[in-house]
Amino acid sequence: MTPILVLGIGNILLRDEGVGVRVIERLAGEPLPPNVEVIDGGTAGADLVDLIANRRRLIVVDAVQAGAAPGAVLRLRPEDLIPDETGLVSLHQVGLLESLDMAARLGCAPEDVRIFGVQPGDLSPGLALSAEVAAAVPRVVALVMEELSNLNREIPNDASIVARGLARTVPSPASR
Amino acid sequence: MATMKIGPLTRIEGHLDIDADIDILAGSTGGKVVGARSSGTMFRGFEAILKGRDPYDAPHLTQRICGVCPVAHGMASSTALESAFKLPPTDSGRIMRNLILGSNFLQSHILHFYHLAALDYIDTTGILERAPWKPRYVAPDMIRGTTAETLVGHYVQALTARRQAHQMGAIFGGKLPTTPVFVPGGCTAEVTATRIADFGALLSQVASFINNVYVPDVEALASLFPEYKTIGRGCGNLLAYGVFDLDVAGTRKLLARGRYTNGTLDTVDPTKITEYVKYSYYSSGSNLNPANGATTPAARKTGAYSWIKAPRYLSKVHEVGSLARMWINGDYRAGISVMDRQMARALEAKKIAQAMAGWLKQLVPGRSTWRKTPPPVNAVGLGLTEAARGALGHWVRINNSVIDQYQIITPTAWNASPLDDLNQNGAIEQALRGVPVANTAQPIELLRVVHSFDPCLACSVHAIRTRGDEEATNRALLRAAGI
Chain C
1 MTPILVLGIG NILLRDEGVG VRVIERLAGE PLPPNVEVID GGTAGADLVD
51 LIANRRRLIV VDAVQAGAAP GAVLRLRPED LIPDETGLVS LHQVGLLESL
101 DMAARLGCAP EDVRIFGVQP GDLSPGLALS AEVAAAVPRV VALVMEELSN
151 LNREIPNDAS IVARGLARTV PSPASR
Chain D
1 MATMKIGPLT RIEGHLDIDA DIDILAGSTG GKVVGARSSG TMFRGFEAIL
51 KGRDPYDAPH LTQRICGVCP VAHGMASSTA LESAFKLPPT DSGRIMRNLI
101 LGSNFLQSHI LHFYHLAALD YIDTTGILER APWKPRYVAP DMIRGTTAET
151 LVGHYVQALT ARRQAHQMGA IFGGKLPTTP VFVPGGCTAE VTATRIADFG
201 ALLSQVASFI NNVYVPDVEA LASLFPEYKT IGRGCGNLLA YGVFDLDVAG
251 TRKLLARGRY TNGTLDTVDP TKITEYVKYS YYSSGSNLNP ANGATTPAAR
301 KTGAYSWIKA PRYLSKVHEV GSLARMWING DYRAGISVMD RQMARALEAK
351 KIAQAMAGWL KQLVPGRSTW RKTPPPVNAV GLGLTEAARG ALGHWVRINN
401 SVIDQYQIIT PTAWNASPLD DLNQNGAIEQ ALRGVPVANT AQPIELLRVV
451 HSFDPCLACS VHAIRTRGDE EATNRALLRA AGI
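Read top to bottom, the protein sequences are chains C and D. For the first sequence, position 33 (counting from the first letter as 1) is numbered 33 according to the working numbering, and the numbering increases by one without interruption. For the second sequence, position 340 (counting from the first letter as 1) is numbered 340 according to the working numbering, and the numbering increases by one without interruption.
Each hint can be trusted.
Simulated restraints on C-beta separations:
hint : chain 1 : residue 1 : chain 2 : residue 2 : range
1    : D       : Val-377   : C       : Arg-105   : 49 to 55 Å
2    : D       : Ser-223   : C       : Arg-139   : 56 to 62 Å
3    : D       : Leu-246   : C       : Glu-30    : 43 to 49 Å
4    : D       : Thr-251   : C       : Glu-79    : 52 to 58 Å
5    : C       : Arg-153   : D       : Arg-144   : 50 to 56 Å
6    : C       : Arg-153   : D       : Glu-190   : 37 to 43 Å
7    : D       : Arg-333   : C       : Arg-139   : 56 to 62 Å
8    : C       : Glu-79    : D       : Arg-333   : 49 to 55 Å
9    : D       : Gln-354   : C       : Asp-122   : 43 to 49 Å
10   : D       : Lys-32    : C       : Glu-79    : 40 to 46 Å
11   : D       : Ser-284   : C       : Glu-146   : 47 to 53 Å
12   : D       : Asn-287   : C       : Glu-30    : 50 to 56 Å
13   : D       : Arg-144   : C       : Ala-128   : 50 to 56 Å
The hints are simulated quantities; they were obtained by calculation from the structure and are not laboratory data. Every residue gets a Cβ at the ideal spot worked out from N, C-alpha and C, and that includes glycine.
Could you build the full structure based on these sequences and the hints that come with them?
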């Protein structure tokens, strides 16, 4: 397990909802430092805990409802997001914030979390991104790469500093 | 007697609204539910995405439908393709798929109880006040004091057990969620002695949590809330497709296929399953079997109130889930109620964990785990399995070696369906009818009924949201622009 994780989340079956996953697909083709792992978290709920546990730094890429123009890119921290206070009805409501909270209770929360959000436009069923959000993908990739080069100076390239985890990174055949 | 509308009782944004009409007792704050409506509030058009694609894409794309039970979609899809390809899985593939799906059941059942259901019965004021665990309703009958503290303490243990179950799935599943190893013909993971040992070590810890903490906690809850052994019965009919094949032909299963209709156990003929749409937002035909199903959205349809269709077996409403499986298999027949659903779920976790230890011993390192065949030119396939929360079916038709049609019936379509063309309410709607509510301002009783079904909806729009303040959004935009 690497100390730095870039995690893309979202549902690729609902076009712009999957922008986080689309960014990860691009990042996987970039030259990444060895202390960085990129993972397509898909529609994961509580499974996110296992991906983020014991990371020194976590960079999340996700669609974000911010009332901005479609394709707008936002740089956020977890405290900028709205927790779900409506009462849980389904395990579907377990998302990023709840997973961060679970990780904190288990004592394995990432030390530092940064979020790149992209305002979606089209959330209809389908695999292709809208033109506005597709245009944002290379911008987010560049922002993440820049963030990684800064972090890489702070975080030693030594995987042994974190507990051994069982999560593995295998590219999914659907990632195309 | 006055009628009051409570609703939406449960609001999952973009997912499910449930509201109820309550007859208020004169001079009281409470009453009884006289009617309830369950509405899926979002169109799920995922099946259309599969049309024209390579059949081998189906297990990967359908797993993306749901973040809670992706493994079950992978299983249903692989099974549907195997039936179309006339290609049974390898024995090693069958066992590994059972182990991966079993791990998913265990983590789902544990999380469901400690993260959702138990909190309906515990007043966490002063113990767990942070959202989203802040109690939504506080009722006089709730558990307080040291018992509450003990149960909340078990919550953290449950999170650990859930993680271990997830890690078990990842040992053979590779990447989770959305495992790439589910394919028609078996499972692409390799069996190694290390993997068997790692899996076994985690399984014994999870099994110990289930046997020593989870099952006793549910038993304690059931004894403290005896009235919930009669509340929330619903339609009384149960349906299970069955799961965890014990041979490659799928004839023997750990949890059998069957149904319990009008008090009689019977077999399941998949051609008797149809979906009604009179009250659903679809203009396509009603009462169609999914093999010839159609899903044409009609958002402004008069009289419709849900995006969920109404699946029925021989026109009858059936409940699906752990209780249905355990009942049909003869493992649990104490009753049909809110508490019976919780109890059956816990005992099912125990049964599955025990069986998994046996399956692990059957794996032989080095044996071939899958076989590949080109897709047939024309074929139809059916994949019936179970997600943690109930019966899941995939129907596929292949023309010119690509997917021509794909239809899915999810467990929550059975449980949270609206009225059908015969004006029969869905399973949750029926289970809510007659439920006494002590205080309509705090209708915790209704939430307990809904939670007992472990509803799970299409993982639809789950985009994170900012706090919405324009100034903060502008600052975040500027930060991203490097200004």
